[in-house]
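Construct the entire structure; sequences and hints are all you get.
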Amino acid sequence: MGQKFYTLLTQQGAALLANATALGIPLKLSKMAIGDANGSATTPDATQTKLVHEVYQAPLNSLNTDEKNPNQIIAELVIPENQGGWFINEIGLFDENDNLVAVGNCPATYKPKLSEGSGRTQVIRMIIVVDNVNAVALKIDPSVVLATRKYVDDLITSKIVTHEKSTNHPNATTTSKGFVQLNSATDSTIENQAATPKAVRDTYEYARFSDIKAQSAYDHASAAHKRIDPIADKFHCDLYESRIYSQDKRFYQIVRDDGVVGLYSLVKNDFSWFINHDGWISGFIEAPRIGGLDEFVKDRVLPVGIPQPWPSDHLPTGWLECNGSPFDVNRFPKLAFVYPRGALPDLRGLFIRGKDNYRGLDPNRDILSYQDDAIRNIWGNVWPISETFGQNGGTGDGAFGYFEALADGTPTKVDWGNAGGISFDASRVVPVADENRPRNIAFMYIVKAE
-18 MGQKFYTLLT
-8 QQGAALLANA
2 TALGIPLKLS
12 KMAIGDANGS
22 ATTPDATQTK
32 LVHEVYQAPL
42 NSLNTDEKNP
52 NQIIAELVIP
62 ENQGGWFINE
72 IGLFDENDNL
82 VAVGNCPATY
92 KPKLSEGSGR
102 TQVIRMIIVV
112 DNVNAVALKI
122 DPSVVLATRK
132 YVDDLITSKI
142 VTHEKSTNHP
152 NATTTSKGFV
162 QLNSATDSTI
172 ENQAATPKAV
182 RDTYEYARFS
192 DIKAQSAYDH
202 ASAAHKRIDP
212 IADKFHCDLY
222 ESRIYSQDKR
232 FYQIVRDDGV
242 VGLYSLVKND
252 FSWFINHDGW
262 ISGFIEAPRI
272 GGLDEFVKDR
282 VLPVGIPQPW
292 PSDHLPTGWL
302 ECNGSPFDVN
312 RFPKLAFVYP
322 RGALPDLRGL
332 FIRGKDNYRG
342 LDPNRDILSY
352 QDDAIRNIWG
362 NVWPISETFG
372 QNGGTGDGAF
382 GYFEALADGT
392 PTKVDWGNAG
402 GISFDASRVV
412 PVADENRPRN
422 IAFMYIVKAE
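Quick note: the sequence shown, position 19, residue 0 per my numbering, numbers continuous.
Just so you know, the hints here were simulated from the structure itself, not pulled from any lab data.
The structure presented is a predicted model; accordingly, all values stated were derived computationally and were not measured.
Where hints are given, some of them may not hold.
[As the list claims (entries may be wrong)] Straight-line C-alpha distance at most 25 Å; calculated DSS-like pairs for lysine-lysine:
(1) K(-15) <-> K31
(2) K158 <-> K179
(3) K9 <-> K(-15)
(4) K12 <-> K31
(5) K249 <-> K230
(6) K9 <-> K49
(7) K94 <-> K12
(8) K215 <-> K249
(9) K215 <-> K230
Okay, structure coming up:
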């Protein structure tokens, strides 16, 4: 009886492997898909470029060679408990460009999901045979895969073994390398132990205090209250301050009787840093040396979601245009908190107005609600100017013509005759346009997205 369930390379998979071997560029296998073959048993076909009916696809959980057969590559996919509701009849292995490299079949297996009342984590393994295993890149992205219990156990075991090997060294001596025990004592005579930073600091402080004390006694004995030339001497003490100069005389540490402690630069004639008697620290640190400074400033200067005018058509990094378009709530979760509908306000050509919030100037408005343009109503009446105005025409009965308008602007009677009428043109007095607007400058409104 022939083999019923198996895996084979597709024609395009074989061609890709051959090309990878010839060029020396490994083929990157990255994803695995499973299908139900529309409920029917399936036979792998080398001409396939896709599964009969794919139901699930995800990044590989692991990809490595078989320990017992180095020409066999084992690809593994983990299907989580929340995925399922279908049968597994066919399996496909894809490269990073979504090319079907290998295809296989398996006994029909139902994968339940939790909502059906039963769930399990399903592990699918596919084994393919290649002539040159170096033609396949045996790497996966650990940030997008699910780890099985065996994977975690094997990883912990390998790390422990590696750690044990790395610590299997002899003790150090004065003539050979090795592990050494630390010692914080400042008066130790042991030669196979190393001094801790604390021991070094204590020794340095003790020596510095002894030098300052000896120098201070010397200064007071030779010349009370006399300042010593800092270019010629390393130490200086008087009634007001004490100094310790650097070897090149460019800096000195200072302690003053007003509580100031710091480092003074004779090059800049200013403190590089100091601490005053209140505990305030002042000094200069280059921005690149402060880790995470950009993120710290970005998160605290402006909150995510605030619109700002921007004098350019090119958006700065981390900002989006307020043009009414939707945005990816998964990529910008902080922005989605401010705009939960997943769409930005459209501020193109518009002004921003403060929410009335029960003041009564612009009532019954919700946040982000749009308001069209308008002007206050203008209305009135036009009555006859004189008895002769509008004569010689109209109805022909010699009556003067007149115009009367109601409060809503509806005319009730017009009889101007041949004398003409009344007209007005606001453009002769003020600038006019197709909208009501104040003087303005065009900026692009942008919103902080992250």
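Here's how the hints hold up against the structure:
no.	hint	result
1	K(-15) <-> K31	holds (20 Å)
2	K158 <-> K179	holds (23 Å)
3	K9 <-> K(-15)	violated (29 Å)
4	K12 <-> K31	holds (13 Å)
5	K249 <-> K230	holds (13 Å)
6	K9 <-> K49	holds (23 Å)
7	K94 <-> K12	holds (21 Å)
8	K215 <-> K249	holds (19 Å)
9	K215 <-> K230	holds (8 Å)
Hint 3 from the list above is the single one not met by this structure.
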